[in-house]
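Number of protein chains: 2
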Amino acid sequence: MENTAVKEIKIADLSDDNNLIDIAKSLDEYSDNQILKLCSALTDEKLSLIFTQADVSSQRRLVNFMTNEKIIKTFTFMPKDDIVDILGVIDIGKAKELINKMKEGDRTVINELLGYKEDTAGGIMTTEYITLYGSLTLLQAIHKIKELSPKTELIDTIFVMDDNKHINGVASLRDILINDENKTLDEISDKNFKYVEPEMDQEQVALMASKYDLNVIPVVNRNMKMLGIITIDDIVDVMSEEQTEDVLKMGGVAKVETLDTKIWDSFKLRFPWLLVNLATAFLASLTIKAFEGVISQVVALSSIMSIVTGMGGNAGTQTVSIIIRNIAMGNVKLKDTWKLLVKEIALGVINGIGIGLITGIIVSLIYGNAYLGIIICLAIIGNLVVAGVSGLLIPTVLDKLHIDPALSSSIFLTTATDVLGFFIFLSLAKLFLPMLT
Amino acid sequence: MENTAVKEIKIADLSDDNNLIDIAKSLDEYSDNQILKLCSALTDEKLSLIFTQADVSSQRRLVNFMTNEKIIKTFTFMPKDDIVDILGVIDIGKAKELINKMKEGDRTVINELLGYKEDTAGGIMTTEYITLYGSLTLLQAIHKIKELSPKTELIDTIFVMDDNKHINGVASLRDILINDENKTLDEISDKNFKYVEPEMDQEQVALMASKYDLNVIPVVNRNMKMLGIITIDDIVDVMSEEQTEDVLKMGGVAKVETLDTKIWDSFKLRFPWLLVNLATAFLASLTIKAFEGVISQVVALSSIMSIVTGMGGNAGTQTVSIIIRNIAMGNVKLKDTWKLLVKEIALGVINGIGIGLITGIIVSLIYGNAYLGIIICLAIIGNLVVAGVSGLLIPTVLDKLHIDPALSSSIFLTTATDVLGFFIFLSLAKLFLPMLT
Numbered sequence: 004m005e006n007t008a009v010k011e012i013k014i015a016d017l018s019d020d021n022n023l024i025d026i027a028k029s030l031d032e033y034s035d036n037q038i039l040k041l042c043s044a045l046t047d048e049k050l051s052l053i054f055t056q057a058d059v060s061s062q063r064r065l066v067n068f069m070t071n072e073k074i075i076k077t078f079t080f081m082p083k084d085d086i087v088d089i090l091g092v093i094d095i096g097k098a099k100e101l102i103n104k105m106k107e108g109d110r111t112v113i114n115e116l117l118g119y120k121e122d123t124a125g126g127i128m129t130t131e132y133i134t135l136y137g138s139l140t141l142l143q144a145i146h147k148i149k150e151l152s153p154k155t156e157l158i159d160t161i162f163v164m165d166d167n168k169h170i171n172g173v174a175s176l177r178d179i180l181i182n183d184e185n186k187t188l189d190e191i192s193d194k195n196f197k198y199v200e201p202e203m204d205q206e207q208v209a210l211m212a213s214k215y216d217l218n219v220i221p222v223v224n225r226n227m228k229m230l231g232i233i234t235i236d237d238i239v240d241v242m243s244e245e246q247t248e249d250v251l252k253m254g255g256v257a258k259v260e261t262l263d264t265k266i267w268d269s270f271k272l273r274f275p276w277l278l279v280n281l282a283t284a285f286l287a288s289l290t291i292k293a294f295e296g297v298i299s300q301v302v303a304l305s306s307i308m309s310i311v312t313g314m315g316g317n318a319g320t321q322t323v324s325i326i327i328r329n330i331a332m333g334n335v336k337l338k339d340t341w342k343l344l345v346k347e348i349a350l351g352v353i354n355g356i357g358i359g360l361i362t363g364i365i366v367s368l369i370y371g372n373a374y375l376g377i378i379i380c381l382a383i384i385g386n387l388v389v390a391g392v393s394g395l396l397i398p399t400v401l402d403k404l405h406i407d408p409a410l411s412s413s414i415f416l417t418t419a420t421d422v423l424g425f426f427i428f429l430s431l432a433k434l435f436l437p438m439l440t
Numbered sequence: 004m005e006n007t008a009v010k011e012i013k014i015a016d017l018s019d020d021n022n023l024i025d026i027a028k029s030l031d032e033y034s035d036n037q038i039l040k041l042c043s044a045l046t047d048e049k050l051s052l053i054f055t056q057a058d059v060s061s062q063r064r065l066v067n068f069m070t071n072e073k074i075i076k077t078f079t080f081m082p083k084d085d086i087v088d089i090l091g092v093i094d095i096g097k098a099k100e101l102i103n104k105m106k107e108g109d110r111t112v113i114n115e116l117l118g119y120k121e122d123t124a125g126g127i128m129t130t131e132y133i134t135l136y137g138s139l140t141l142l143q144a145i146h147k148i149k150e151l152s153p154k155t156e157l158i159d160t161i162f163v164m165d166d167n168k169h170i171n172g173v174a175s176l177r178d179i180l181i182n183d184e185n186k187t188l189d190e191i192s193d194k195n196f197k198y199v200e201p202e203m204d205q206e207q208v209a210l211m212a213s214k215y216d217l218n219v220i221p222v223v224n225r226n227m228k229m230l231g232i233i234t235i236d237d238i239v240d241v242m243s244e245e246q247t248e249d250v251l252k253m254g255g256v257a258k259v260e261t262l263d264t265k266i267w268d269s270f271k272l273r274f275p276w277l278l279v280n281l282a283t284a285f286l287a288s289l290t291i292k293a294f295e296g297v298i299s300q301v302v303a304l305s306s307i308m309s310i311v312t313g314m315g316g317n318a319g320t321q322t323v324s325i326i327i328r329n330i331a332m333g334n335v336k337l338k339d340t341w342k343l344l345v346k347e348i349a350l351g352v353i354n355g356i357g358i359g360l361i362t363g364i365i366v367s368l369i370y371g372n373a374y375l376g377i378i379i380c381l382a383i384i385g386n387l388v389v390a391g392v393s394g395l396l397i398p399t400v401l402d403k404l405h406i407d408p409a410l411s412s413s414i415f416l417t418t419a420t421d422v423l424g425f426f427i428f429l430s431l432a433k434l435f436l437p438m439l440t
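Residue numbers (the working numbering), protein chains in the order written: chain A, 4 to 440; chain B, 4 to 440.
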């Protein structure tokens, strides 16, 4: 029976964890029948790995092929944070059934973990770690670790507590092994360790781990009582997730859309953003409309005015992306805003002169009118300054207002560079109208 | 003496590594005098931490405050990959001097590491790890590990080799501790481990680590001889770096520009991109110019035509950002292109009908001409289909041509949605000209 399943799903070795992860990641290509065979062929422990590593949609499918008892059994092989993740995506009635069937101790932990927001330290932490009293000798500690480690996910770092069970240090397994075995944990543990509270945003946790090269971060409450740990593989997942979000948001997709997202869901994700942009487009359109009299006299204006706004949009996007990324990394300090503002204005002028001169010369030659060239040159300089100032201030202000700058900056930026770009250019044209006709 | 330095740089505790990392990250705010005091106050070991964690510009500064002998001394406390990173950013003559002063064994390793490209597995790997023969018992292994660990960065994973020194398994310290001490390493080691060759791109390595939850990846040559290891903290750094690059590239900044980049350097980074975009803007401008006769008869066209191109650009950017991110994560398979193409065309039509109808109605009301509304509605539908198709195909084709889609997609996309957007709209207007005047 196992062999049939093995052959059909074309997997050489179902005992190799890496192969299992490959299967888990491509479960959406499996038929119901193949999944059924997989569930029966694998031990509960191996199945728990597939279950953990599968995509959300595959997790929802898998639940249907197992009895509640079997699901609970696979849960016993999973870190608690993974159980919570699965419970969060399946049908809520089913999740409650499963929680009720758990052992009481597990049930309490799971319910606690379910209480934290998904994207906070509490939401990504797990509860399999070792805490030991600081008064233990290293020899005693090693015995304890050997005893506890089959049931524990992470043993490379041991959390050291005082008599009141408050964490006051961390000790690496390495230091425990290489030091004199008669020393106590207190003597060798690092007291200046980094920790987080459960409410901290997961992106902040990832930044901290990245900055201080941490492999595991303890999550504690205000009294330094241990609540859980965040392991580096969860940090890596957070970083990958945040990276996806950043790229999509900057492109105007508010929530994570994958290649598999159904058309109707994609529509619901993308349409509202287009609608917001439509409002901006109409604003720009009305700005032009106000100058229709000028354009009707010099129709050439209509073909070159979009150069002014296009270049403003491009230059502004450059500034915005640098500022957004530095905000995300915690590098933007309010006191530096003035310095950055001066820099962006100067850059707007320099880039504006460069782009403006080239454009002005070409326009003069094409339309045989030097004034048209001078006007577009000035307008481009002006709009590139607008772009630099808006590109800096818009994400900075949005961030202060706790609005996500990655998503919302571009819409405000385009409004500024389009409306002001058309306005500057067409105003100048109106002013110099006698020289243009 | 130490106390003076301590006070001046306002740091409570120079023995705490986390404080030192904070100092390292903000060295640019320190005067030469303060850095001088720091260098003299700290032990070589602590100074090596500052040196490693500092920004590139601070590393360059630090080199000036130390004799070659002192620099070499701090190098002895650093993983080899960090030494290579520092040698890569300082003056090349100075780097050669330093390499020549190293012990012969170190010199060979460093020269080898310097031979790998910076953004490959070889470029980010380090050489401090433990390899043991598989025939050793676990008891013997533990003794070896205790003996070697003071000189080794990573001891949580032991690499197991056969008699020919070819790696054939990995064993975790955890498994070595919890198993019967009379078993051999061969008996407990994992034979199905993941490894990479030194030429692999660092982003691929990070994806692999993320997918398989790896904490360390061995780098081997074709004969399975060990060359180095990549540790999880380097993976985290790679991910953070790639994230920054992605965000900046999508915004049209080719190389990493920070807030501290000098104006002239920022200009050199941003101007070429604006110049490329200027070419696109002129293409669009010439498209409009070809229809100046139509516009001169219906000047309203000039104020509403930018709505068509604006919406095309927005919709296309949504598609591009989803495709770029999925290419980076290795999710885009060529065989799925047809399916995705159908989806994007369908989305273009649906979104186009939605946005087109709204725009058409408003335009009809403002200008009192229903035909103008119908034309802009049709043009928007057409341009949103152009946007979907280009948004999918441009990054896919660029990736196949080994051109970075994150940087170059937007320019081709804008060209397509601007030129075709104006063309579709103004052609329709020309066709229906009698109804518009």
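Hints may be right or wrong, so weigh each one.
For chains that are exact copies, the list does not tell them apart, and a pair is met inside one copy or across any two.
Unchecked claim - Pairs of lysine-lysine, DSS-like flavour, derived with a Cα cap of 27 Å:
{"no.": "1", "residue 1": "K168", "residue 2": "K292"}
{"no.": "2", "residue 1": "K342", "residue 2": "K265"}
{"no.": "3", "residue 1": "K342", "residue 2": "K147"}
{"no.": "4", "residue 1": "K186", "residue 2": "K149"}
{"no.": "5", "residue 1": "K186", "residue 2": "K147"}
{"no.": "6", "residue 1": "K336", "residue 2": "K271"}
{"no.": "7", "residue 1": "K346", "residue 2": "K168"}
{"no.": "8", "residue 1": "K28", "residue 2": "K336"}
{"no.": "9", "residue 1": "K197", "residue 2": "K154"}
{"no.": "10", "residue 1": "K154", "residue 2": "K228"}
{"no.": "11", "residue 1": "K104", "residue 2": "K120"}
No lab work stands behind these hints: they were computed from the structure.
The hints, checked one at a time:
no. : hint          : verdict
1   : K168 <-> K292 : neither (72 Å within a copy, 78 Å between copies)
2   : K342 <-> K265 : between (47 Å within a copy, 11 Å between copies)
3   : K342 <-> K147 : neither (56 Å within a copy, 56 Å between copies)
4   : K186 <-> K149 : both (18 Å within a copy, 16 Å between copies)
5   : K186 <-> K147 : both (15 Å within a copy, 21 Å between copies)
6   : K336 <-> K271 : between (36 Å within a copy, 25 Å between copies)
7   : K346 <-> K168 : neither (53 Å within a copy, 57 Å between copies)
8   : K28 <-> K336  : between (41 Å within a copy, 14 Å between copies)
9   : K197 <-> K154 : both (25 Å within a copy, 25 Å between copies)
10  : K154 <-> K228 : within (21 Å within a copy, 34 Å between copies)
11  : K104 <-> K120 : within (24 Å within a copy, 54 Å between copies)
When held up to the earlier numbered hints, the structure conflicts with 1, 3 and 7 and fits the remainder.
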